[in-house]
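Protein sequence lines correspond, in order, to chains C and X.
Using my numbering, read the first sequence as starting at 1 and increasing by one per residue.
Using my numbering, read the second sequence as starting at 1001 and increasing by one per residue.
It is possible that some hints are incorrect.
The list that follows gives simulated cross-link-like pairs (lysine-lysine, DSS-like), each with its CA atoms no further than 30 Å apart [what the hints assert, rightly or not]:
1. C:181 - C:144
2. X:1026 - X:1013
3. C:111 - X:1026
4. C:227 - C:181
5. X:1026 - C:75
6. C:144 - C:252
Calculated directly from the structure, the hints in this document are not laboratory data.
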Amino acid sequence: MENNPLKQYFRRPAIHIRLPSNYKYSSEIVDLPPTGELPVYPMTANDEITARTPDALYNGSAVVSIIQSCVPTIKNPWLLLNADLETVLISIRIATNGDEMDVDTNCPACKNSNRYGINLSKLISTIQVGDYNTELVVGDLAIKFRSTTYQDNNNASAEQFEIQRGLAQLENYEDGEVKNKAASELLVRMNNLTQKILSKNIEYIRTPETSVSNQPFILDFLQNCDKKMYDTIRDHNIELRESSQSKPLRFKCVSCQHEYNQTITFSVTDFFE
Amino acid sequence: MRLLYLSQDDIEKLVKGYEEEVTIIKRNALKAAWYMRGSLSYVDAMNLSPTETNIINKLIDENLEVTKKSGLPFF
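So that you can see chain C by itself, here it is in the shape it has in the complex (with noise of 0.2 Å):
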């Protein structure tokens, strides 16, 4: 309504912020404004229904229709970088609660049950992104690592989700055999997914004589390796990951005085409750 006397009250940028990733996305999937920052809207009543919304939740569109809403230069949350989500999610949760977010937490000594208040701000500011240019260099072979896309990770989730509830329904065999027909052939799905996430993280593989950005070139690669390559691998994958990531906060336990690391997951599905 163009003509109402309260759209002054309407919302406005909360915050602005910087994708740490420092990726040039296409103005497809993020349309940058000159300034370099993307202005932050808090979630509306709408938003809140829409984090509220089991299937829109396990499929990853609510996720993206929050994103579209509360940061709309990002046009495509779908190929939003994973390095760079986390600060999405975590400035469209300052913009709209402020900067403050309490979190429960056991205190490994006396198991005791914490409740602090953590700082959102200064934790965005700790969240760098890991060195995704260097190529990591194994033999004759230069593997160069990207990190993956919230679709990615979408469909990982699901999938690994399916394998989960396959994998609890076991218990309901009677047969022995069929059991673990059904059992081994969940664990090769499981394989398979973990090697498939990975493949999705490599950009390419140089040789001496080529370059194979081709996906399932790398992901058969990947399943024919010798093990000790795809360990080096996977761990290097695993450090860039972990060094994309918002570092682990110190607590201090208020009943035993205990300090302890514990690192904040920001799942995407309780983030907004």
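For chain C, the structure is supplied; the task is to place chain X on it using the hints.
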């Protein structure tokens, strides 16, 4: 994905909880639209942020207070 760690019963509880929360959100938006006597539509109310909703709620409280003090009929 939180669903990975929840049992079937817990998932059902979670979904039920979401349904209840959605009803509360819609009810609050409709209530704000009703109290603002036409100057805020339901669509507008659904597009407000929590901060703006709080401002509108304060406005409603102030209007109610003024009406009470003035002795004029509110309805």
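Hints versus structure:
As the CA atoms of residue 181 of chain C and residue 144 of chain C are separated by approximately 37 Å, the hinted pair breaks the 30 Å bound. At most 30 Å may separate the alpha-carbon atoms for a hinted pair to count; residue 1026 of chain X and residue 1013 of chain X meet this at roughly 20 Å. In summary, the hint linking residue 111 of chain C to residue 1026 of chain X is not supported, as the alpha carbons are separated by about 40 Å, beyond the 30 Å threshold. Proximity of residue 227 of chain C to residue 181 of chain C is assessed by CA-CA distance (about 25 Å); at most 30 Å being required, the pair is judged to hold.
Between the alpha carbons of residue 1026 of chain X and residue 75 of chain C the distance comes to roughly 27 Å, so the proposed pair stays at or under 30 Å and holds. For the hint linking residue 144 of chain C to residue 252 of chain C, the alpha-carbon distance of about 40 Å lies beyond 30 Å, and the restraint is violated.
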